[in-house]
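J.: Everything in the sequence shown is counted per our numbering, starting at 31 for the first residue and increasing by one.
These are calculated hints, taken from the structure and not from any lab test.
Worth double-checking, as some hints may not be accurate.
[Unchecked claim] No farther apart than 25 Å at their CA atoms in a straight line, the calculated lysine to aspartate or glutamate pairs in the DMTMM-like style are these:
1) Lys762 <-> Glu752
2) Lys81 <-> Glu63
3) Lys769 <-> Glu752
4) Lys606 <-> Glu465
5) Lys769 <-> Asp817
6) Lys762 <-> Asp731
7) Lys286 <-> Asp257
8) Lys81 <-> Glu363
9) Lys571 <-> Asp549
10) Lys460 <-> Glu752
11) Lys555 <-> Glu752
12) Lys436 <-> Glu765
13) Lys762 <-> Asp808
14) Lys555 <-> Glu505
15) Lys286 <-> Asp61
16) Lys460 <-> Glu346
17) Lys478 <-> Glu195
18) Lys286 <-> Glu465
19) Lys436 <-> Glu353
20) Lys264 <-> Asp829
21) Lys749 <-> Glu505
22) Lys436 <-> Asp400
23) Lys449 <-> Asp529
24) Lys855 <-> Asp529
25) Lys749 <-> Asp712
26) Lys478 <-> Asp829
27) Lys438 <-> Glu107
28) Lys438 <-> Glu182
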Amino acid sequence: MKYSAIVLAILSAVLTSTCYANTLNIGIIYDNELGISGDVLMRRFDELRAKMEFYADYPIRNFSLPSPPPLSITVHEFTVGQVCNLIQRNVHVIISLTTCSVAQLIESQTSPHRITHVAIPRPACSKESIESSALSASTTTTTTIWIQPTPEHTSRAIYELSETERAALALLLSEAPTLEVEAVLDLVLQAEMNNEKFVPYFSTQMYSNKNLSSIFYPTSSIHRTIDDLLNRVKNLQQQKISTKFLLTHIFQLQRKPLDLDQLYSIFQNRYIFKNFYWIFATTLSITPNELVRVAMTNQKEQVATGFYRQFPILNEEDCLNLEIGENMRLLMEEIFQCNTYNITERELEAVYMILLSSQTTILMKSLSLDILNTPVIQNCGSDVVQTKPFGQLFYRILISLAEFPKWKDLIFYALETNKEGVSKFYPTGKFGDNENAVLNDRARFVAKQSLLSGLFPNVFRTFQNQTLNVSTVIEAPYVMGGRVTKDLELIGARGLVIDILNEFARRLEFSYRLFLPPDGEYGAKISNTTWSGMIGELLAKRTDIIAAPLTVNDERSGYVYYVGPFMEDTMGILIKVPDQNEELFQMFLPFRYDIWLCLVASVFIAALAITLFSIISPFSAWNLALPGATSDEVSIYHSIWFTVGGMLMQGQELRAIAGSARTVTLLYWLLVLVIQATWQADLTAFLTRNVVQIPVSSLDDLANSGYTVAARENSGLKKIFERGIGNPVYSKIYEKITKNGVDITSLDQSVEFVRNSTSNVFLGNRITLLHYPYDVTDTLDVVEVKDIVIPLSFAVRLDEEYAGLMLNFMSTLRERGVIDHLLEKWDVEKSKIVANTASYNAVTLRNISGAFIVLSVFIVVSLIVLVIEKLWYKSSLNKASLNPKCKEKDKEEEGHPGIWQRFTHPSADLPKPKLDLSRNPTLKQLRYAGHRRASAAYDATVITVDHHHTESADVD
Numbered sequence: 031m032k033y034s035a036i037v038l039a040i041l042s043a044v045l046t047s048t049c050y051a052n053t054l055n056i057g058i059i060y061d062n063e064l065g066i067s068g069d070v071l072m073r074r075f076d077e078l079r080a081k082m083e084f085y086a087d088y089p090i091r092n093f094s095l096p097s098p099p100p101l102s103i104t105v106h107e108f109t110v111g112q113v114c115n116l117i118q119r120n121v122h123v124i125i126s127l128t129t130c131s132v133a134q135l136i137e138s139q140t141s142p143h144r145i146t147h148v149a150i151p152r153p154a155c156s157k158e159s160i161e162s163s164a165l166s167a168s169t170t171t172t173t174t175i176w177i178q179p180t181p182e183h184t185s186r187a188i189y190e191l192s193e194t195e196r197a198a199l200a201l202l203l204s205e206a207p208t209l210e211v212e213a214v215l216d217l218v219l220q221a222e223m224n225n226e227k228f229v230p231y232f233s234t235q236m237y238s239n240k241n242l243s244s245i246f247y248p249t250s251s252i253h254r255t256i257d258d259l260l261n262r263v264k265n266l267q268q269q270k271i272s273t274k275f276l277l278t279h280i281f282q283l284q285r286k287p288l289d290l291d292q293l294y295s296i297f298q299n300r301y302i303f304k305n306f307y308w309i310f311a312t313t314l315s316i317t318p319n320e321l322v323r324v325a326m327t328n329q330k331e332q333v334a335t336g337f338y339r340q341f342p343i344l345n346e347e348d349c350l351n352l353e354i355g356e357n358m359r360l361l362m363e364e365i366f367q368c369n370t371y372n373i374t375e376r377e378l379e380a381v382y383m384i385l386l387s388s389q390t391t392i393l394m395k396s397l398s399l400d401i402l403n404t405p406v407i408q409n410c411g412s413d414v415v416q417t418k419p420f421g422q423l424f425y426r427i428l429i430s431l432a433e434f435p436k437w438k439d440l441i442f443y444a445l446e447t448n449k450e451g452v453s454k455f456y457p458t459g460k461f462g463d464n465e466n467a468v469l470n471d472r473a474r475f476v477a478k479q480s481l482l483s484g485l486f487p488n489v490f491r492t493f494q495n496q497t498l499n500v501s502t503v504i505e506a507p508y509v510m511g512g513r514v515t516k517d518l519e520l521i522g523a524r525g526l527v528i529d530i531l532n533e534f535a536r537r538l539e540f541s542y543r544l545f546l547p548p549d550g551e552y553g554a555k556i557s558n559t560t561w562s563g564m565i566g567e568l569l570a571k572r573t574d575i576i577a578a579p580l581t582v583n584d585e586r587s588g589y590v591y592y593v594g595p596f597m598e599d600t601m602g603i604l605i606k607v608p609d610q611n612e613e614l615f616q617m618f619l620p621f622r623y624d625i626w627l628c629l630v631a632s633v634f635i636a637a638l639a640i641t642l643f644s645i646i647s648p649f650s651a652w653n654l655a656l657p658g659a660t661s662d663e664v665s666i667y668h669s670i671w672f673t674v675g676g677m678l679m680q681g682q683e684l685r686a687i688a689g690s691a692r693t694v695t696l697l698y699w700l701l702v703l704v705i706q707a708t709w710q711a712d713l714t715a716f717l718t719r720n721v722v723q724i725p726v727s728s729l730d731d732l733a734n735s736g737y738t739v740a741a742r743e744n745s746g747l748k749k750i751f752e753r754g755i756g757n758p759v760y761s762k763i764y765e766k767i768t769k770n771g772v773d774i775t776s777l778d779q780s781v782e783f784v785r786n787s788t789s790n791v792f793l794g795n796r797i798t799l800l801h802y803p804y805d806v807t808d809t810l811d812v813v814e815v816k817d818i819v820i821p822l823s824f825a826v827r828l829d830e831e832y833a834g835l836m837l838n839f840m841s842t843l844r845e846r847g848v849i850d851h852l853l854e855k856w857d858v859e860k861s862k863i864v865a866n867t868a869s870y871n872a873v874t875l876r877n878i879s880g881a882f883i884v885l886s887v888f889i890v891v892s893l894i895v896l897v898i899e900k901l902w903y904k905s906s907l908n909k910a911s912l913n914p915k916c917k918e919k920d921k922e923e924e925g926h927p928g929i930w931q932r933f934t935h936p937s938a939d940l941p942k943p944k945l946d947l948s949r950n951p952t953l954k955q956l957r958y959a960g961h962r963r964a965s966a967a968y969d970a971t972v973i974t975v976d977h978h979h980t981e982s983a984d985v986d
């Protein structure tokens, strides 16, 4: 009996040894950062072991190859001696699901013995640490296979996603300082230094699962929970502490396993998924199916969330991707039917490496290299290192079968919910280690529909042929015509806004009905929750969209979401233009006073130049003593008379002889020719054209004028002046508006208000004022104030999912020139009111009455000069009669009849003129070139006839 027991024990040991030797032994080591217990992990592998043993050789199965070996999988939590225990138990492959530091410690123990180690760490190890770990091993050759996205790769994917999404600001949430956060900030700095066109910016925030208090300040928290942080962000945005709150994307970086309770609380927060995209940047510690269940807690919302994943197969569609290795696709199809939602990524990678390890043993056994029957290592940890036979070859074949280059990229999976409410994660983008993001066909289709990046399918795309109620107002050129029913529905309208709305309806697949607001207003705040006009209809959910030229301002932006602006208008001042062209001296207005002064000065300057050149030049008639030369050539008085005659285009007998004087004369005549032509042309245009002269051209003019100013009640333009109290000009204008006591609620009232008096003006949108149907007799005009730019926009409710898509589509319409085309179609930029454009009229007596007045003035001046001449003449006669040398009686009065006699007896003979043109040897003393000489000239001397005969007799 005793011997039989011993025999049975020996046989049992031999059978166990034989069975153990023919088994592929896999050891799995985990630590407390895995997120699940060893029992759960062991149960998951036990459930898959039978399939793995049967399908391990499926991709390479044929009758010439050995059968797959049985699998022995042991799961142990990491301890200091656990690695050596597994090595001494003849483990062929060790898979570690631990942190980076533990994986590096395991590598230091497995590499000396040539035991293949598959490290799937979390958090990931950097490239530098992996390289340094391999060099620090006792041998220079490692047998560790690292399956992980490096922090540098993850940070690159975070940056590229933000850049693709055009996320101006993203938040990096982490439990502790991580390599990924540092690498992302380095990429931002590098992009700024390279002056890239778009640079996404990131803010970092630490958090914890529980509020941790400081030991020095117990009442203050070191790190807040995610819920506290998000509530704080929500309060900041709602209180509008920051006028540019641009946070859109939140990246959660996990070092520890995800807390499902925390995730449920996050995904139940409706505010988060209305305002943010939530991305899990590091490897998930939960299954994708668990994440779907968490996301579906808020079934009414299209949750925009996603995660990065290195293993490229999650859905059935992934197995159709031919870029993935055939070996992987076949194995995943047979074992998981290409659906890996119920297993974590790290566990799935471990399963895949176990399958490849089985294939490696088959291939080696076909080469008569049986690694399963190699001696067991007994001295693990001793100074004498015993290596695993064929261990290095096993390692190299395993790497070759894994085809890591085909799944080295990070795949971005985003949640998509179909019409039936079923949610799944689908791949939308691929992020390489040193490459830009690459979108797949699904993402490109989503991008085309949503006008976004396409990375997140759970965004609004179309209305799916719904009928929407649209609120609008009749105002040219935006909405015109049509018929209004008793329910205030507008049918058959046309205009700029209608054309833009039709573009939206075509692109977003909806039909619409137009409704007018009951009070006809755009919208004014009545109380904290009540608005009038179109905004009130929108907030009461009686309409879905405001399609009208709604003015953008801060007060409205807190209640509606602006879709636009689709164009920018400026402020217009509607004013009644006073009658024009009523001045008496309009004929002189073409030239300003300074030009007239220059013309007068040119007369004297030219005369002086001609005189001086005639005196100085040796070739003047006077200096050459030519026959017929007179002193008028060198007389400033006659030169002035000459230039005045030239200016008035009158002929002159006196001509300059010297070349220099003639040059001055020629240039002067050229000046006269140009001035005459310019003045005649301007005078003709000025007198025949009805030029509209506006007394107000700016806000400063209006503020300092005596006009009565009015604006539409509760309009956005009035709000601009109401809130510009710090501006003195705005304050004056707003004071004028409030003091006039005029309540204007429609455009018709505003036009009638301005028509009533030239002292009334109305402030409104320039384009609307230009397109008002004025009467032909109206003398109204619109003055543009370019200082005030008024953006005009559509609007929807703040919490609508289609708001972002409509805004992007409006931007697309502007970028593609559709809006510009429609502006030209409806002649939006109308230059003037038709009734007030400049017109051409015949010249009237009043237009040239100034010329007759000037002529009358000169006649009066001439009479005064005549009187002075008469008085001077009589005074000269009196002086001559007192001269003792003049004793003879002056018979001049007898010889020359008076003016009355010339008119009463026009046929009477007149005495011959007493102008002696004979040679008079009067010596003229002139100084020229330092010499004195005499020159003779003809003097025009008036003498009596008797005196002339006496002189002749004396000569004889």
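J.: For every hint, state whether the structure bears it out.
T.: Checked hints:
no. : hint              : result
1   : Lys762 <-> Glu752 : 10 Å, holds
2   : Lys81 <-> Glu63   : 28 Å, violated
3   : Lys769 <-> Glu752 : 13 Å, holds
4   : Lys606 <-> Glu465 : 66 Å, violated
5   : Lys769 <-> Asp817 : 24 Å, holds
6   : Lys762 <-> Asp731 : 11 Å, holds
7   : Lys286 <-> Asp257 : 17 Å, holds
8   : Lys81 <-> Glu363  : 12 Å, holds
9   : Lys571 <-> Asp549 : 17 Å, holds
10  : Lys460 <-> Glu752 : 53 Å, violated
11  : Lys555 <-> Glu752 : 14 Å, holds
12  : Lys436 <-> Glu765 : 73 Å, violated
13  : Lys762 <-> Asp808 : 28 Å, violated
14  : Lys555 <-> Glu505 : 22 Å, holds
15  : Lys286 <-> Asp61  : 11 Å, holds
16  : Lys460 <-> Glu346 : 18 Å, holds
17  : Lys478 <-> Glu195 : 14 Å, holds
18  : Lys286 <-> Glu465 : 29 Å, violated
19  : Lys436 <-> Glu353 : 7 Å, holds
20  : Lys264 <-> Asp829 : 14 Å, holds
21  : Lys749 <-> Glu505 : 20 Å, holds
22  : Lys436 <-> Asp400 : 29 Å, violated
23  : Lys449 <-> Asp529 : 31 Å, violated
24  : Lys855 <-> Asp529 : 10 Å, holds
25  : Lys749 <-> Asp712 : 45 Å, violated
26  : Lys478 <-> Asp829 : 23 Å, holds
27  : Lys438 <-> Glu107 : 28 Å, violated
28  : Lys438 <-> Glu182 : 13 Å, holds
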